[in-house]
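Engineer: Okay, here's what each chain looks like letter by letter:
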Amino acid sequence: MVSSSNDLPYDAFLYLMRQSGVDLKPEHEQELFSYVKNVLLSLGDLGRIDVGSTEPPMMFIPAQEDAL
Amino acid sequence: MSDMNLCYASVRDLSDLIFQKQISPVELIDAHLDRISETEAVLNSFITLLADEAREAAKRAESMINRGNYLGPLHGIPVGLKDLFNTGGVKTTSGSRIFDNYIPNEDCTVASKFRAAGAILIGKLNMHQFAYGPTGENPDYGHMHNPWDPEKIAGGSSGGSGSAAASGQCTITMGSDTGGSVRIPSAFCGIVGLKPTYGLVSRHGLTPLSWCLDHPGPMVRTVEDAALSMNVISGFDPKDIASARVTIPDYSQSLNKPIRGMKVGIVKEFFDALIDPEVELVVRNAISHLESLGAELHEVSMPMFEQSQAISGTILMCEAAAYHRELLKLHAEELYPPVRLRLESGLLITAADYLKAQQARSMFNTSVDELYRSVDVLVGPSQPITAPTLLEQSVEINGTRIGTTAAVTQYSRPYNITGTPAITIPCGFSESGMPIGLQIAGKAFDEATVLQIAHAYESTTEWHLQHPPI
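Line by line, the protein sequences are chains A and B.
Mapping of the first sequence onto the numbering used here: position 2 corresponds to residue 2, and the numbering continues sequentially without gaps.
Residues are numbered in the numbering used here as their position in the second sequence, beginning at 1, plus a constant of 68.
Treat the hints as calculated values from the structure; they're not laboratory data.
For each residue, glycine too, the CB sits at the ideal point set by N, CA and C.
Be aware that a few hints might be false.
Here are the computed distance ranges between Cβ atoms for each label pair [claimed, not checked]:
no.	chain 1	residue 1	chain 2	residue 2	range
1	B	GLY471	A	GLY47	14 to 22 angstroms
2	B	ARG123	A	GLU29	49 to 57 angstroms
3	A	THR54	B	GLU364	29 to 37 angstroms
4	A	GLY47	B	LEU139	50 to 58 angstroms
When you get a sec, could you build the whole thing from the sequences and use the hints?
Structural biologist: Listed below in C-alpha cells is the structure:
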C-alpha cells in the first residue's frame with residue numbers, strides 16, 4: 001500500500017510516474033519526488049485506521065423503482 | 069441611499085427598495101460597477117467583468133418590474149460566480165489560462181436558477197487554479213487579496229468570491245467547497261459562507277475537483293442573504309447524479325425563531341488542535357454568546373478528527389488526479405507548479421488506499437451522526453488563525469510551524485467528509501483588525517437549524533456590520 005510506505009525507492013517512484021503517463025523532466029523529477037514523499041507521510045494516518053469490514057459509501061447507485 | 073450603502077445593503081433591503089421602485093436595478097448595477105472600478109486594482113476579485121451585459125440585464129429587469137412582473141427577492145440583485153460555474157456564452161476558465169478560450173454553450177444549473185430568479189450576473193470571479201488550493205493564489209489571473217489587508221490572502225479556493233462579497237463588489241457570490249473552499253475565504257474575509265448538504269445544490273456544469281466532496285454554496289454578508297440564496301439554488305436536478313430528492317423549505321422562515329433550549333455541541337478536538345489563542349478566545353466568547361441566548365452547551369468528542377485530513381486528502385487527491393489526468397498529459401507545463409505537484413502526486417495513490425479512505429469515511433460519518441443524537445448543531449472555530457500573508461508556505465501557531473494548507477483546512481474538511489451543512493459567520497476581529505469566524509454545522513438537510521442559530525448570533529451582534537477599510 002503506497003500510503004503506508006515510509007520509504008518510497010526513487011526507482012519505484014520513477015517507474016510508477018512513467019506508468020501513470022507523467023512526463024518527468026530532470027528539473028521537475030526531484031521536486032516531485034520530495035513532494036510525493038511528504039504527501040505519503042501525511043497520509044500515513046490512513047494506514048493506521050482499523051476499518052474492519054466497513055463498506056465504503058456506494059459509488060454505484062442502483063436504479064430506483066420510481067425511475068423505471 | 070448612497071452608492072456605498074447600496075453596495076453593502078442586504079438582499080432583503082435591496083429587494084424592498086427595488087420592489088417599491090425607490091431604486092432601479094440599473095442604479096444598483098451602476099453602483100456596483102463603480103465600486104468594482106474603485107477596488108479591483110487592489111483586490112483582483114474578477115477574471116471576467118460583465119459590465120455591458122449586466123447593464124443590459126438591469127435595463128430588462130427594470131422594464132419587467134415596471135410592467136408588474138416582479139420575480140422575487142433576487143430580481144435585479146448583482147451576483148458573481150466563481151469561474152468554474154459554466155455560464156452560457158461567457159468564458160469559464162476554472163482559474164487557468166489553458167481554458168481562457170473556453171466558452172460553454174449553456175449555463176450550469178446554479179447560474180440558470182439565478183437567472184430565472186432575475187438575479188444579474190455581474191462577472192466571473194477569480195479562484196485558485198482548478199480550485200486546488202486554499203490560499204487564493206493564481207499566477208494566470210493574479211493572486212487574490214484580502215480587503216481587510218491586501219498583504220494577506222483572501223483564502224481559497226473561492227478567493228475572488230470572498231473578496232468581492234466582503235468589499236461590496238457583489239451582493240451575492242457563489243463558491244464551491246471541496247475541503248473548505250467556501251468557508252475558508254468567507255472566514256478570512258469576514259463574511260457568511262454556507263456549505264450546504266451534499267446533493268442539495270446541483271453540481272451540474274461546475275468543473276469538478278472531487279466528485280464526492282464538491283459542494284457549491286453561497287458567500288454573502290448576512291445569514292438571511294444565505295437563506296434567500298438557498299431558496300433559489302436548492303433542489304433536485306436530474307442532470308446531477310448526486311442530486312437529492314428532498315423537500316425544500318423556505319429557509320428564511322425559521323431565521324427568527326428563538327434558540328432557547330437548543331443543544332449546541334462544542335467539539336473538544338477543535339480546541340485541542342493547534343489554534344491561535346487570540347482566535348480561540350474570540351470563538352469561545354461567541355459560543356458563550358449563544359449560551360446567553362438560551363442555547364445549552366455540551367462538550368462533545370469527534371474521535372476521528374485527527375484522521376480527517378488523511379481521509380479527505382486521499383479521496384481528494386485521487387479524484388482530482390483522475391479528473392485532470394488528460395490535462396496533466398497535455399498541459400503539465402502550463403499548470404501552477406503547486407497545483408501540478410498535487411495532481412501528479414494523486415496518481416501514485418492506489419485504488420486500495422482510495423477505498424480504504426472511503427471505508428474510513430463511512431466510519432467517520434457514523435461517529436459524527438452519533439453526536440447528533442445528543443445535540444442539534446456542532447460549533448467551533450472556522451479557522452485556527454486569521455488570514456496569513458500571501459504566498460506564505462507555512463504558518464506558526466503557538467510556536468509550532470505547520471503547512472498553510474494543513475492549517476487552514478483542519479476545521480473545514482470534516483464536514484466535506486460528512487457532506488453535512490456547515491456555515492461560517494463573522495464573530496470578531498484580531499488585534500490587528502483581521503476577521504475571525506465561528507463555524508456551525510448541522511445534520512444532513514437541516515440547513516434551517518444551522519441558519520437559525522447563525523441568525524440568532526448575527527442579529528444580536530454587530531460583527532457583520534463592519535466593512536473593510538478599502
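Engineer: Does the Cβ pair GLY471 (chain B), GLY47 (chain A) satisfy 14 to 22 angstroms?
Structural biologist: holds, 20 angstroms
Engineer: Honestly, do GLY47 (chain A) and LEU139 (chain B) meet the 50 to 58 angstroms range at C-beta?
Structural biologist: holds, 54 angstroms
Engineer: Confirm or reject the claim that ARG123 (chain B) and GLU29 (chain A) have a C-beta distance inside 49 to 57 angstroms.
Structural biologist: holds, 51 angstroms
Engineer: Does 29 to 37 angstroms hold as the CB distance between THR54 (chain A) and GLU364 (chain B), or does it fail?
Structural biologist: Cβ of THR54 (chain A) to Cβ of GLU364 (chain B): about 32 angstroms, so the range 29 to 37 angstroms holds.
When held up to the earlier numbered hints, the structure conflicts with none and fits them all.
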